[in-house]
Structure formats: C-alpha cells, structure tokens
Amino acid sequence: MSLKRIDLLICCGSGCVSAGALKIKERFHEVLNEKGISNEINIIETGCMGPCDYGPVMVIYPEGIFYKAVTPEDVSEIVENHFIKGRPVQRLMLHDEEKTFAAQKDVPFYQKQVKVALENCGYIDPESLDEYIATGGYEALGTVLTTMTPQQAIDVIKESGLRGRGGGGFPTHAKWQMVHDAKSDEKYIICNGDEGDPGAFMDRSILEGDPHRILEGMMIAAYAIGATSGFFYIRAEYPLAIKRIKHAIEQAKAMGLMGESVFDSKFSFDAEVRTGAGAFVCGEETALIHSIEGMRGNPSPKPPYPSTSGLWGKPTVVNNVETFANVPSIFVKGAKWFASMGTELSKGTKVFALTGDIRNTGLVEVPMGITLRELIFDVGGGIIGGRKFKAVQLGGPSGGCLTIEHLDVGVDYESLKARGAMMGSGGVIVMNDQNCMVNIAKYFMDFCVDESCGKCSPCRIGLKQMYDILERIVHGYGKIGDIEELQRLGEAVSRLSLCGLGQSAPNPVLSTIRYFRDEYEAHIRDHSCSTKVCLALMHFDIDKDNCIGCSLCARKCPVNCITGSREEKYTIHQLDCVKCGNCQDVCPVKAVNRVPGMHPEEKTKRDTLKKQHPHED
Amino acid sequence: MKTLADLKKIREKAQEEMKFRGGNVRIKIVVGMGTSGIAMGAREVMKTFLEEISNRNLTDVLVTQTGEKGLSSMEPVVDVIEDGKAKITYGNMNPDKVKKVVVEHIVNGRTVSDYVVATGD
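Protein chains in written order, with this note's numbering: chain V, 1 to 617; chain C, 1 to 121.
Worth flagging that the hints you see were computed from the coordinates, not collected in a lab.
Any given hint could turn out to be false.
To be verified - No farther apart than 27 Å at their CA atoms in a straight line, the calculated lysine-lysine pairs in the DSSO-like style are these: (1) V:Lys246 with C:Lys2; (2) C:Lys2 with V:Lys253; (3) C:Lys19 with V:Lys112; (4) V:Lys99 with V:Lys388; (5) C:Lys2 with V:Lys333; (6) C:Lys9 with V:Lys4; (7) V:Lys253 with C:Lys8; (8) C:Lys8 with V:Lys4; (9) V:Lys603 with V:Lys479; (10) V:Lys4 with C:Lys97; (11) C:Lys85 with V:Lys105.
I would like the entire structure built from these sequences, with the hints used as guidance.
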C-alpha cells in the first residue's frame with residue numbers, strides 16, 4: 001500500500017485534451033515533484049466527465065471537489081492551497097449567479113442525470129483494467145458464462161426492454177434472438193463505433209472513457225448469439241478511442257478474460273479493431289459490413305438482413321457502442337431495475353451530446369422520457385448569452401428540428417418520431433433566435449449530398465436537386481412552388497432510397513418546412529431573411545443619426561464601397577458591397593446595422609437583368 | 001481468470017486503491033492545515049499518519065485535510081471521524097503522538113484521552 005491521500009482525476013476526453021488537459025497533467029507532475037509530495041497524490045487520466053464547455057475539468061477526491069477551465073498557471077495554486085493547505089481554490093469552482101459549487105455532485109449539470117452507460121466515464125482510469133474491475137467490471141460476464149444459457153441471457157435483455165441506441169430503436173433481444181436461432185457454423189458480432197453525425201460524440205466518449213465496458217457487453221452478446229469473434233468498427237477520426245479499445249483487448253487477453261475458455265466455460269472469443277475511412281454511410285450496417293469485408297462501403301438492399309446473411313454471408317449482430325455499454329449493468333443490477341427507468345416503450349437512459357447555443361455543452365445521460373425543456377434548460381443550463389430558444393435539431397442529419405411548442409415533449413423513440421424528429425444516435429443541437437432555419441436545412445443537406453455513396457439514384461440525384469433549390473432560395477432566386485417541390489422530392493427520396501442515409505436525409509428540410517414554413521416563404525416571396533443570416537437577403541446600413549463620421553468603416557472596407565465625410569456622415573454603396581461585415585465590426589459607436597431584406601437597389605438591378613435575359617435563372 | 005472468486009480477489013484489491021473516490025472507509029482522519037497548523041508542524045503530523053497507516057496496511061482508513069480549524073493554540077489539530085461514533089479532536093499533535101494514536105485509537109479502538117481537546121461534532 002502506498003502513501004496516497006488524494007486522487008486527482010483529470011478529464012482526458014478529446015474535448016479536454018484539445019483544451020490542454022495533457023499539459024496540465026505534466027505541470028502537476030512537475031509541481032508535485034518540486035514540492036516533494038508526488039507520493040501522496042494519485043494522478044489519473046479519465047474519460048469524458050461531461051461538461052465539455054468548461055474544459056479542462058478535474059475532480060479531486062476524497063472531497064469530490066470540481067474544478068473547471070484549469071490552466072497550467074493555476075496548477076501551482078492548486079497544489080499549494082488545496083493539496084498542501086487543504087483550502088480548495090474557490091475561483092476555479094463552477095458557480096452561477098448566486099453560489100459556488102464545490103463538489104461535483106452539487107453541480108446542477110449533474111443533478112438530473114442518471115448514469116448507466118456513462119457510469120464509469122470520468123470516474124475511472126480507462127487504461128486500467130483493475131479500476132474497471134473495482135467498479136464491478138466483468139462480473140456480469142462471469143455470471144452469464146457460469147450460470148446462464150445463451151437463451152436465458154437473451155431473455156434477461158428482453159425483460160429489460162433494451163432497444164438499439166444507434167437511433168433506430170430496434171429491440172436488442174430480437175436481433176440477438178434471430179442470430180441465436182440461425183443455423184450456421186460461424187456467427188459474428190460487430191460493434192458500430194462509426195459515429196458520423198455533426199455534433200455527436202457519445203460513442204467516442206464511451207469508447208475513450210470506459211472501453212472495457214463495451215468489450216464486456218460485446219462478449220455477453222457474443223455468448224448469447226453463439227459468436228466466437230467480433231469486430232469493433234471505429235472511425236479513423238477517433239484515434240484515442242481506437243487506441244483505448246486496442247489496449248483494453250490486450251489487457252483482457254492477458255488476464256484471460258478473452259481467448260480460450262473464458263471463466264473456465266466453453267466460451268471462447270476474440271475481437272479485432274477495424275478503422276472506418278471517414279464515410280458517414282459506413283454507419284449503416286450493410287455498408288459497414290462491406291467495409292469490414294474489404295469492399296467499398298456501399299449499402300445493399302435489405303432483406304437479406306445481417307441477422308441471416310451478414311459478415312461474409314454469416315449471421316451477424318451489429319450493435320451500437322451505447323447499446324453494448326448498457327448490457328453489463330443490466331446483468332449486474334437486474335432487468336427490472338433497468339426497465340424501471342424510462343417510458344413504457346423506451347426503457348432505460350439515453351446519452352446525449354448537447355451542443356449549439358447552450359450554456360452547458362457536453363455529454364449527458366438522462367432517463368428516457370425526460371422533456372426537452374428539462375434537457376435543454378435544467379441539464380443544459382438554457383440558452384447562452386440571454387438569447388431566446390428557437391429550435392432544437394435531434395438525431396443529426398437524419399433527424400429533424402423541433403420548436404418551442406415541443407418543449408414539453410418527452411424524449412423517447414416514439415414521441416420524437418411522431419413529430420418528425422428522431423432519437424438518432426443522440427446528437428442534440430440547440431439553436432437560438434439568430435439561426436436561419438432555411439440555412440440550417442441547407443447545411444444538413446450539404447452534408448448528406450457530400451456523404452451520399454451514390455449507389456442509388458434517388459439519394460444521389462434527389463438530394464442534389466433539393467440542395468440546389470435550397471441554394472437558390474438562400475441567394476434570393478427562390479420561386480413560388482419551390483416549397484412544394486422540396487416536399488415532393490423529399491418524400492420521393494425518403495421512400496425510394498436504398499439505405500437509412502437517403503431515407504432520412506430529407507428530414508431536416510421536411511421538418512423545417514413543417515414548423516418554419518413562414519421563413520421559407522419570406523425568403524422566396526419577400527427576399528428577406530429575418531435572422532439576417534443569408535447574406536443575399538440582408539444588407540448593411542449606416543444609421544446617419546448615430547454615425548460620428550470617423551471614417552473607420554470606409555478605411556476598413558476591402559472594396560471601397562463606403563464614402564462620405566465628417567459632416568455628411570458615411571454611406572454604403574449597396575451594389576458594390578460584398579457584405580463582409582468589416583464596417584460593422586470596426587464601428588466604434590455601433591452605427592452600422594444589419595437590415596433584413598434585399599436592398600431596393602439590388603432588387604432593381606436583378607429585375608433589370610431578368611428582363612434582359614428572361615430565360616436565365 | 002478462472003472463476004468469479006478470482007475476479008472478486010482482484011476487485012477487492014483494486015477497490016482499496018480507489019477508496020478515496022467515495023469508497024467505504026471505516027475511519028477518516030482530518031488534519032487541520034491552516035497557516036497556524038502548518039507553522040506548528042501539521043505536515044509532519046499528516047505524513048506520519050500516512051506512513052503509519054501504510055506500514056500497517058490499514059486499508060479502511062483515509063487521511064485527508066482541511067483548512068484552519070480555529071483552535072490555534074492547540075495546533076496541529078486532528079479530527080478522527082468514525083461512522084456512528086462521536087468525532088474525536090486531538091490537539092498539540094506531533095509525530096510521536098501520532099504513532100500512539102494510530103496504535104491505540106485507529107487499531108485498537110481506544111481513544112487516547114490525554115491528547116483529546118474536544119469530542120462531538
């Protein structure tokens with residue numbers, strides 16, 4: 001036993017690492033050595049603790065003191081005051097208007113959360129098998145292997161009500177049962193870690209923060225379906241996740257938790273990591289399987305489903321990272337415990353990645369059925385900078401936008417789907433009133449056009465058509481009938497596409513038309529973007545009453561389109577303006593305004609051009 | 001790894017290493033580390049506690065620290081907190097006294113009344 005008295009847990013999830021967590025760790029080692037107390041303090045790198053906005057964050061036990069936004073300069077103060085004198089550093093704690101939160105458990109961000117998949121994330125050292133075992137790790141696997149038949153294990157999952165956390169929400173036990181029942185000499189299990197949604201990082205965080213949990217969940221699934229080998233398919237953009245999973249596999253093999261006759265049972269298992277090449281479509285299970293087989297990551301028509309003909313034509317289960325992360329807890333704490341959380345059809349908890357115009361961006365886990373209001377305002381801390389909430393995009397590019405009137409909708413598979421959004425993998429992008437919904441729809445459509453594999457024409461051609469129409473609208477060339485055309489195309493693409501990418505890609509457009517039709521209409525009919533985001537549909541204007549004639553705007557204008565004098569004040573010549581916004585940025589008295597709507601001069605110019613070339617659009 | 005019992009052995013050992021993170025400890029020793037405490041040698045006191053406890057392999061004891069406790073004339077001051085028992089505060093501590101407290105109080109459960117300056121919360 002050592003002389004340790006303090007556990008210093010530094011969040012080393014990708015967010016905190018990019019904010020400088022590793023430098024801080026180094027600095028702690030230096031300072032502790034200088035002070036000669038390095039033998040008293042345990043420095044531990046953990047996975048994501050959640051509140052990424054405040055990174056780098058750390059927790060110091062035994063008191064559980066939580067520090068945010070630590071810089072290398074703060075390290076000496078922490079060591080001197082907290083570690084040596086026992087006085088926690090107040091200014092590094094999280095605080096709101098009224099009070100300071102010392103311990104991690106007091107921070108409001110954590111209070112409505114229930115952690116199952118993220119139970120150990122940010123609490124243990126992800127590279128230590130011992131720490132995972134200390135939290136009860138591999139007990140579920142041992143119990144299943146020594147006391148249950150594969151069928152009994154599937155029955156436990158059935159009772160728990162676990163559904164696929166990849167977004168589709170297919171009952172996990174049903175997938176397992178089909179492969180269990182299939183007759184084949186060889187069966188496979190695959191962990192889908194190809195998380196590609198903009199704004200989503202749940203799978204990455206679990207893989208990085210608690211890799212053994214995924215491995216254990218996967219092995220239980222392998223036993224239940226009769227597979228002896230498995231694959232982790234993780235996207236190449238997640239190098240730390242790949243490293244940690246590989247490390248976990250090595251550790252498990254060394255300790256005999258993987259390989260031949262695990263726990264002295266007849267079960268043998270081996271797993272390998274395959275790296276995804278950064279194609280969004282490879283998150284789709286048939287495309288993913290082809291990619292592992294060494295072929296181009298294109299989807300294939302279903303049926304046959306992977307459960308009958310998957311990897312190399314053998315029955316295969318593909319589950320998401322988060323699905324596996326739930327499995328060990330279900331066996332340790334019981335199916336009833338799991339089923340007691342959530343709603344009638346959506347059991348358990350869900351991990352969300354909160355991003356956008358929200359105060360507490362980061363990784364959260366909440367019981368299913370929690371309302372959007374609770375998720376955004378209580379856990380997320382509300383909209384940043386005193387702006388108003390406008391919309392929330394759920395489920396990434398395949399999901400949809402919901403609005404202020406949906407704030408009391410419970411977050412579960414069915415409720416979201418009924419309103420045109422979806423759970424997806426769990427990306428939640430919160431938007432304030434400065435966002436243009438037509439532009440948002442265009443952004444997601446741009447992503448899907450890029451990521452379409454091109455195998456089927458509805459997706460390849462249809463999405464491009466939709467993108468072109470949106471592009472036209474935001475540049476002020478929208479036509480009456482465009483909205484209906486977008487809807488018609490969107491429905492056709494959804495219905496006719498081969499795989500989930502195309503089937504769901506029109507969702508952001510269709511849901512924004514559904515809830516923000518007036519914005520589309522204003523863009524097309526009035527040539528006006530009320531949020532002043534679409535540059536063609538807004539202009540800059542100088543308020544003569546406020547202008548002090550300092551000439552700064554004219555001097556900073558890159559195209560010299562601002563003229564004037566101290567007496568006459570300054571004017572923007574609209575036809576030459578490139579709308580770079582420099583004038584607004586430099587004006588000392590804020591006399592330059594963004595005005596919604598196309599400037600009349602520009603409108604006239606366009607009308608003239610149209611008369612001269614009537615057949616061009 | 002052959003059986004669940006093997007796993008349990010590893011788990012128990014690993015849990016000891018992680019006891020600071022909210023694990024079950026029988027006794028918590030809190031050393032007052034305000035300026036006056038440090039001036040009177042609180043660091044030496046804490047170090048002696050850590051050494052004595054690790055030499056004896058006492059896995060269910062946790063040593064932590066706090067700031068100024070107010071009782072400056074009695075520094076270094078140490079609280080011994082045990083579940084379900086009144087808190088014992090020892091004053092005027094030094095490394096020799098620490099060794100005695102560890103043997104008598106922590107190991108054998110007998111309060112060293114000579115050094116006690118307060119009991120209760």
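Checklist entry - Does Lys333 (chain V) lie within 27 Å of Lys2 (chain C) when you go C-alpha to C-alpha? => result 23 Å, holds
Checklist entry - Quick one, are Lys19 (chain C) and Lys112 (chain V) close enough, alpha carbons at most 27 Å? => result 26 Å, holds
Checklist entry - Is it true that the CA of Lys9 (chain C) sits at most 27 Å from the CA of Lys4 (chain V)? => result 21 Å, holds
Next on the checklist: What's the verdict on Lys246 (chain V) and Lys2 (chain C), does the C-alpha distance respect the 27 Å limit or exceed it?
Outcome noted: It holds: about 23 Å lies between the C-alpha atoms, which stays within 27 Å.
Item to check | 27 Å Cα cutoff - pair Lys603 (chain V), Lys479 (chain V) | outcome: Roughly 15 Å between the alpha carbons, so the hint for Lys603 (chain V) and Lys479 (chain V) holds.
Next on the checklist: Check the hint pairing Lys253 (chain V) with Lys8 (chain C) against an upper bound of 27 Å on the C-alpha distance.
Outcome noted: 18 Å, holds
Checklist entry - Holds or violated: are the alpha carbons of Lys8 (chain C) and Lys4 (chain V) at most 27 Å from each other? => result OK: Lys8 (chain C) and Lys4 (chain V) at ~23 Å, within 27 Å.
Checklist entry - Given the proposed pairing of Lys2 (chain C) with Lys253 (chain V), does the C-alpha separation stay at or below 27 Å? => result Between Lys2 (chain C) and Lys253 (chain V) the Cα gap is close to 13 Å, so the pair holds against 27 Å.
Next on the checklist: Checking one constraint from the list: CA of Lys99 (chain V) to CA of Lys388 (chain V), max 27 Å. Satisfied?
Outcome noted: 24 Å, holds
Checklist entry - Given the proposed pairing of Lys4 (chain V) with Lys97 (chain C), does the C-alpha separation stay at or below 27 Å? => result 21 Å, holds
Checklist entry - Taking 27 Å as the top limit, are the C-alpha atoms of Lys85 (chain C) and Lys105 (chain V) close enough? => result 26 Å, holds
Against the hints set out earlier in the document, no violation occurs for any number.
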